[in-house]
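Trainee: Chains as they are written, first to last, in the working numbering: chain A, 1 to 183; chain B, 1001 to 1163.
Honestly, the hints are just simulated from the structure, not real lab data.
One or more of the hints may lead you astray.
[Said to hold, decoys possible] Just the calculated beta-carbon pair ranges, DEER-fashion: (1) 20/A / 1100/B: 21 to 29 Å; (2) 72/A / 1049/B: 32 to 40 Å; (3) 1011/B / 17/A: 14 to 22 Å; (4) 1108/B / 20/A: 31 to 39 Å.
Predicted model, so just to flag it, every value in this text is computed and none were measured.
By construction, the Cβ of each residue, glycine as well, lies at the ideal position given by its N, Cα and C atoms.
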Amino acid sequence: MNDFFEIENELRKLRPAQPSPILFERIEEALAEHYWMSAAVDPRWSWPRPPWRTPYNWSLGLATAAVLVLFAAVNMERHQERGEKIAESSSASEIRPVLPGSRGENGTARSSFSDKFVPAGATRLVYNTRDEGLQFAPTSGQPLRRLHYQTHETWQWRNPTTGASLRVSYPSEEVVLIPVSGQ
Amino acid sequence: MQNLASHEDWKSCFSEVAPGLLLFARQWVQSAADAEDIVQEAFVKFWRRNHKIENRALLYAAVRSIALDFIRRDSRRARREATALGETDEFIEPQFEFEDDTQRALAEAIDVLPCEQREVLVMKIWNELTFAEIGGALGISQNTAASRYRYALAALRNTLQLK
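Isolated chain A, as found in the complex (with noise of 0.2 Å):
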């Protein structure tokens, strides 16, 4: 490599251009929309980390997947209820619409599947988590975390004969006790 040690020295004073002063605060854009994006989630977060690194992740896998137990059990009501009226809104011709040879006793049409909503989705959105420090159960010796989630709930119902839909939204609070084992 001593051959080249002229030639090495006089790229060496070659220097690069520099990046423009924009681009930094691009840059800075960039990062803080992100940074505020994650502080949505989590306000103590001084800086975006990776999903896996974060200390709630398996808190909030755990609260997804109770949403989605409750919408398994709902979905499962749902089939055992067939053939009866779940839900309804009040503009009844957007829900029953008129199909013939299936008149009703007072006259209005009807059909057998018409009334029917069944679950399309749910989601859970956790906007805020605190945690609430260590506390001790009256009944057990063993500390536990507890976490405060404020979030966002969504549950949809679609009626699939008159594609009809049903939303309902509700903020939520809800607080988690998390035993804490030490070693």
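Given the structure of chain A, go ahead and fit chain B onto it with the hints provided.
Mentor: Relative to chain A, chain B alone:
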């Protein structure tokens, strides 16, 4: 090992690596603005994933990958620009800050190096990566990186001697 997970650190890290990164990105794009777009995307991605700045090979690999994607995405526009440039006086923003004609000649000689030699040269001289790191970033062996570097230096020396 320095952890990048703080807000202010990125500025000092980026100030240090930015000129070399931009020069590296310029191996694929002629416009300084495009190179800055590529570097921005790569650095932000790198920083968000909380990588350590010591893992420079990953940063350069990211720049390279984004630059290649950029070329693919932008090939249509590049063709239009190439046609337009062919019709007017071609102006390519300089990659270096020249102090004299010797340096200008050296920069011109770098421009005509084969791409695989030029990228190794840029990573080695202006970014101070080891051959192992260069090999990691480019997906080649350390020996191949070293030999491309030697070929590049030999070619530059010959070109300058001829001039």
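Trainee: Now tell me if each hint is right for this structure.
Mentor: Cross-check of the supplied hints:
1. 20/A / 1100/B: 21 to 29 Å: holds, 25 Å
2. 72/A / 1049/B: 32 to 40 Å: holds, 35 Å
3. 1011/B / 17/A: 14 to 22 Å: For residue 17/A against residue 1011/B, whose Cβ atoms are near 19 Å apart, the range 14 to 22 Å holds.
4. 1108/B / 20/A: 31 to 39 Å: For residue 20/A against residue 1108/B, whose Cβ atoms are near 24 Å apart, the range 31 to 39 Å is violated.
When the structure is compared with the earlier hints, a violation turns up for hint 4 alone.
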